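Please build the complete structure, drawing on both the sequences and the hints.
Protein chains in written order, with this note's numbering: chain A, 1 to 188; chain B, 1 to 188; chain C, 1 to 188; chain D, 1 to 188.
Each hint should be verified, as a subset may be incorrect.
Label pairs and their calculated CB-CB ranges [said to hold, decoys possible]: (1) Gly169(D) - Ala25(A): 55 to 63 Å; (2) Lys31(B) - Ser46(C): 23 to 31 Å; (3) His22(D) - Arg4(B): 26 to 34 Å; (4) Gly85(B) - Gln178(A): 24 to 32 Å.
What the hints contain is simulated information worked out from the structure, not anything from laboratory work. On a predicted model such as this, the values are computed, not experimentally measured, just so you know. Built from N, CA and C at the ideal position, the CB exists for glycine as well.
There are 4 protein chains.
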Amino acid sequence: MAERREAILDAALACFVDQGFHGTAVPQVAKRAGVGVGTLYHHFASKDVLVNALFRKWKEAIARAVFTAFPPTAPIREQFRVVWGAMKDFALAHPDAFAFLELHHHASYLDAESQAMDNRLKDFTATMLTQAQADGIVKAGPPTLLMELVFGAFVGMIRAHWEGRAPLGPDEQDLAEQACWDIIAERI
Amino acid sequence: MAERREAILDAALACFVDQGFHGTAVPQVAKRAGVGVGTLYHHFASKDVLVNALFRKWKEAIARAVFTAFPPTAPIREQFRVVWGAMKDFALAHPDAFAFLELHHHASYLDAESQAMDNRLKDFTATMLTQAQADGIVKAGPPTLLMELVFGAFVGMIRAHWEGRAPLGPDEQDLAEQACWDIIAERI
Amino acid sequence: MAERREAILDAALACFVDQGFHGTAVPQVAKRAGVGVGTLYHHFASKDVLVNALFRKWKEAIARAVFTAFPPTAPIREQFRVVWGAMKDFALAHPDAFAFLELHHHASYLDAESQAMDNRLKDFTATMLTQAQADGIVKAGPPTLLMELVFGAFVGMIRAHWEGRAPLGPDEQDLAEQACWDIIAERI
Amino acid sequence: MAERREAILDAALACFVDQGFHGTAVPQVAKRAGVGVGTLYHHFASKDVLVNALFRKWKEAIARAVFTAFPPTAPIREQFRVVWGAMKDFALAHPDAFAFLELHHHASYLDAESQAMDNRLKDFTATMLTQAQADGIVKAGPPTLLMELVFGAFVGMIRAHWEGRAPLGPDEQDLAEQACWDIIAERI
DNA sequence: AATGAATGAGGCTTCATTCAT
DNA sequence: GATGAATGAAGCCTCATTCAT
Numbered sequence: 001m002a003e004r005r006e007a008i009l010d011a012a013l014a015c016f017v018d019q020g021f022h023g024t025a026v027p028q029v030a031k032r033a034g035v036g037v038g039t040l041y042h043h044f045a046s047k048d049v050l051v052n053a054l055f056r057k058w059k060e061a062i063a064r065a066v067f068t069a070f071p072p073t074a075p076i077r078e079q080f081r082v083v084w085g086a087m088k089d090f091a092l093a094h095p096d097a098f099a100f101l102e103l104h105h106h107a108s109y110l111d112a113e114s115q116a117m118d119n120r121l122k123d124f125t126a127t128m129l130t131q132a133q134a135d136g137i138v139k140a141g142p143p144t145l146l147m148e149l150v151f152g153a154f155v156g157m158i159r160a161h162w163e164g165r166a167p168l169g170p171d172e173q174d175l176a177e178q179a180c181w182d183i184i185a186e187r188i
Numbered sequence: 001m002a003e004r005r006e007a008i009l010d011a012a013l014a015c016f017v018d019q020g021f022h023g024t025a026v027p028q029v030a031k032r033a034g035v036g037v038g039t040l041y042h043h044f045a046s047k048d049v050l051v052n053a054l055f056r057k058w059k060e061a062i063a064r065a066v067f068t069a070f071p072p073t074a075p076i077r078e079q080f081r082v083v084w085g086a087m088k089d090f091a092l093a094h095p096d097a098f099a100f101l102e103l104h105h106h107a108s109y110l111d112a113e114s115q116a117m118d119n120r121l122k123d124f125t126a127t128m129l130t131q132a133q134a135d136g137i138v139k140a141g142p143p144t145l146l147m148e149l150v151f152g153a154f155v156g157m158i159r160a161h162w163e164g165r166a167p168l169g170p171d172e173q174d175l176a177e178q179a180c181w182d183i184i185a186e187r188i
Numbered sequence: 001m002a003e004r005r006e007a008i009l010d011a012a013l014a015c016f017v018d019q020g021f022h023g024t025a026v027p028q029v030a031k032r033a034g035v036g037v038g039t040l041y042h043h044f045a046s047k048d049v050l051v052n053a054l055f056r057k058w059k060e061a062i063a064r065a066v067f068t069a070f071p072p073t074a075p076i077r078e079q080f081r082v083v084w085g086a087m088k089d090f091a092l093a094h095p096d097a098f099a100f101l102e103l104h105h106h107a108s109y110l111d112a113e114s115q116a117m118d119n120r121l122k123d124f125t126a127t128m129l130t131q132a133q134a135d136g137i138v139k140a141g142p143p144t145l146l147m148e149l150v151f152g153a154f155v156g157m158i159r160a161h162w163e164g165r166a167p168l169g170p171d172e173q174d175l176a177e178q179a180c181w182d183i184i185a186e187r188i
Numbered sequence: 001m002a003e004r005r006e007a008i009l010d011a012a013l014a015c016f017v018d019q020g021f022h023g024t025a026v027p028q029v030a031k032r033a034g035v036g037v038g039t040l041y042h043h044f045a046s047k048d049v050l051v052n053a054l055f056r057k058w059k060e061a062i063a064r065a066v067f068t069a070f071p072p073t074a075p076i077r078e079q080f081r082v083v084w085g086a087m088k089d090f091a092l093a094h095p096d097a098f099a100f101l102e103l104h105h106h107a108s109y110l111d112a113e114s115q116a117m118d119n120r121l122k123d124f125t126a127t128m129l130t131q132a133q134a135d136g137i138v139k140a141g142p143p144t145l146l147m148e149l150v151f152g153a154f155v156g157m158i159r160a161h162w163e164g165r166a167p168l169g170p171d172e173q174d175l176a177e178q179a180c181w182d183i184i185a186e187r188i
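Right under this line is the structure:
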C-alpha cells in the first residue's frame, strides 16, 4: 500500500533528522513507521534506496512549490519575493524536511540522480539572475556566487529559527526578505 | 606524545569531513593517523570524546583568528571587513576544518561545553551589530537574525567553493564581502 | 522460538561452568548453541541478562524440586531426609547446573532479583529449623548458622564428587545424609 | 624490592576477590598497588604467573598456620579442635585471602603445582581421620568424604559470615566447632 | 629497576539484510 | 504482501603484554 510507503518515508525523515543517516538503524525506522522490517524492505530495496527516495521526494516537493508559485512575467524584484516566500512557506510548513535537505551533509550516500536534482533549483535561480544583471538591477559578478550567498543566508535564517536562536514572525520575515534581496541588488 | 594526539585529530578531521561522524569507523581513523587503535583510545576515551575535542580545537582556532584580527577602535564597516576577511582566510587555509565545523550537523554527539563554544563567536558578532544599529548604520531588527543571515551567506559561499560550484578569486571575494555587508547595511 | 532460547541457556551453562562468566566469550556460547551471535542477542539483551536468566532458571528449578517433595506434616527428621534427598537428586541429575549455582562466585554480575532468589531456599530451611529447635530436636543457636553449616557440608560433598575426589554410591549417600543431620541434631 | 612484590600481591588479592580473575585487568592491579604496569611485569611474567603466585602464597600461609598449631600427641578430639580453630583464626584474620582461596573457582588457570598444593591440607586431614576411625571415635566410611563434609561446612560458615548472613561471635564459634565435629563423630 | 605509552588481537554488541512462515 | 527471528560482518572498546626511556 502506498500508505505504508509514506509512513516509512515519514519515519525515516524523523530519524534521519535527529540522528543522521549512519546514526539511524533500519529497524528503528520500521518501528517508528509501525511496520515490520520485512515490510520496509518490500518497499525499499536497501537503506541507501530509502534515503535517496526520501531526498528526491522532498527536493521535488520544494521545487514544485517554487515553480508553481513563480510568476514568469512579473518584474525581477517581484519574482524574487515570490520565490523567497515560497521557500520560506515550505521551510516553515515542513521544518523536518527542510532540515533534512539542507542541514545535513549527504554526499557520501546520494546517488547520481539525487545529486543532479539537488542543483536543479539553484540552476534555475542562477539563470534568473543572469537576466536581471543585464538589466542592471542585480550586481555584476558570477551569478552562481550571488545565488549561493542568497541561498546560504536563507538556510542560515531557517537553521537559526529551527535551533531556536532566532524568531521569525511576519516582521522578521519581511526584514529577512529585504536583506536577502540586498545581497544581490545593485545599489542605486 | 602530543605529536600523536595531533596526528589522530588530523586523521579524524579528514575522515569525519568525508564520511561524517557515524559513517567513520574508529580503526579507520587510527589507521589514517598511523597508530594502533589502542593508542587512539589512550589519547581519547571514546569516539565521542574525540569528536568533541576536534570540534573545540577548531572552534577555538577560528575564534582566535577572528579575535586576534579584530580592530576594537575601527569604524564598524572596517570591523566587518576585517572579521569577514579573517573568517575567509581561515576557511581557505583550513577548508576541511571549516567544512567539518559548519557543513555538518553535530547536534547528536556534541556535549554541552562544545555547544556553548559553538555560539561564542556568534554572540560576539551580534553584540557588535547592536552598537552599530544605534548609530543608524545597520538595519533595525533582531541582531541575531541579521547575524545569522550574514553567517549563512558566508557559509553558503564557502560551501559552493568547497563543492566546486563557485570560483573565489580576489574579485569574487570583494564582491561577496560587499554583498554580505549589504545584508545588514541600512540603505542610505 | 523457545527451543533456541533453551539451546542458548544450555550452552551458556556449559561454558560458564568450565571457564567462568568473565572467561567465556559470547560468540563461544552462540557457537556451542549452534546459533549466530545476533540470535543470542535477540533472546538476551546482554551477557549480563543471559547469566541472570540462567541463574534464575536453575535456582527456580532446584527450589521447585525441593518444595514439591517437601512433606509438610512429616516429623522434622523425615523432612530433613526428604529435602536433603531432593537436593542430592537434583545435584546428581544436573551436575553442571548445581556447579554453576553453588561452586562459582556470582556477586559481581547478579542483579537484585537474582540475589533475592538466591536466599529464598535458605530462608525456608532456616524457618524449618526454628520450629525444630523449640521441640528440642535441633541444637540451640542461630538457625541461619546451622543451616549454612549443613548447606556448606552438602556443597562440599557435591564438589568433591564433581571433582572426582569422593565416591557417592548409595552407602556414601546414607552416611553423608546422617552426617549432615548430626550437624544440627541435639545430642540425646 | 620485595616490598613492591607484596604490594602487587595485595592489590591482586583485593581485585580478584571483588571481580574474579578474568574480570580484573592487569593495569588495574598495578594502579591499586601504586606501581607502573611495567613494574608489575618485572615481578610477575604474566597474569597467570601472578594469580598462581598469589594462590600459593596463601595456601602456604594457611597450611603453615595449621601445621604449626597441630598437637601431634594430643587426642583426636583436641587435634580437631586445634585444626578447626587455626583455620577459623586464619579465615577471620585474612578474610580476603580465604575468600579468594575457597570461594572462587580457579580450575581454568591454576597450574599443576598450585593444584597439588590445593589438596595437601585435605590429604593430611583425611589421614588424621583414618587413624581415628580405627579407634572407633570417628564414623566409618570414606575418610575423604567425611573430610569434605567438614571442610564444606566450615567454608559455608565462613562464606555466610563474609556475606553478612551469619554472626560469628565466640558462642557461635563454639557451636559451629561442635557441629563440625558431630559430622564425623561416631555416636556413642 | 621502574615506567607508561603503544599495540592489536579479541571481547561485547549492533545492524543491514534475508527468508521461512 | 507482511512479518520478525535469524544471521554474521563490522563497529566500539578493552586489555595482556612489550619496549624505549
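Now for the hints, and whether the structure bears them out:
1. Gly169(D) - Ala25(A): 55 to 63 Å: 58 Å, holds
2. Lys31(B) - Ser46(C): 23 to 31 Å: At roughly 29 Å between Cβ atoms, Ser46(C) and Lys31(B) fall inside 23 to 31 Å, so the hint holds.
3. His22(D) - Arg4(B): 26 to 34 Å: 31 Å, holds
4. Gly85(B) - Gln178(A): 24 to 32 Å: 26 Å, holds
Checked against the numbered hints above, the structure violates none of them.
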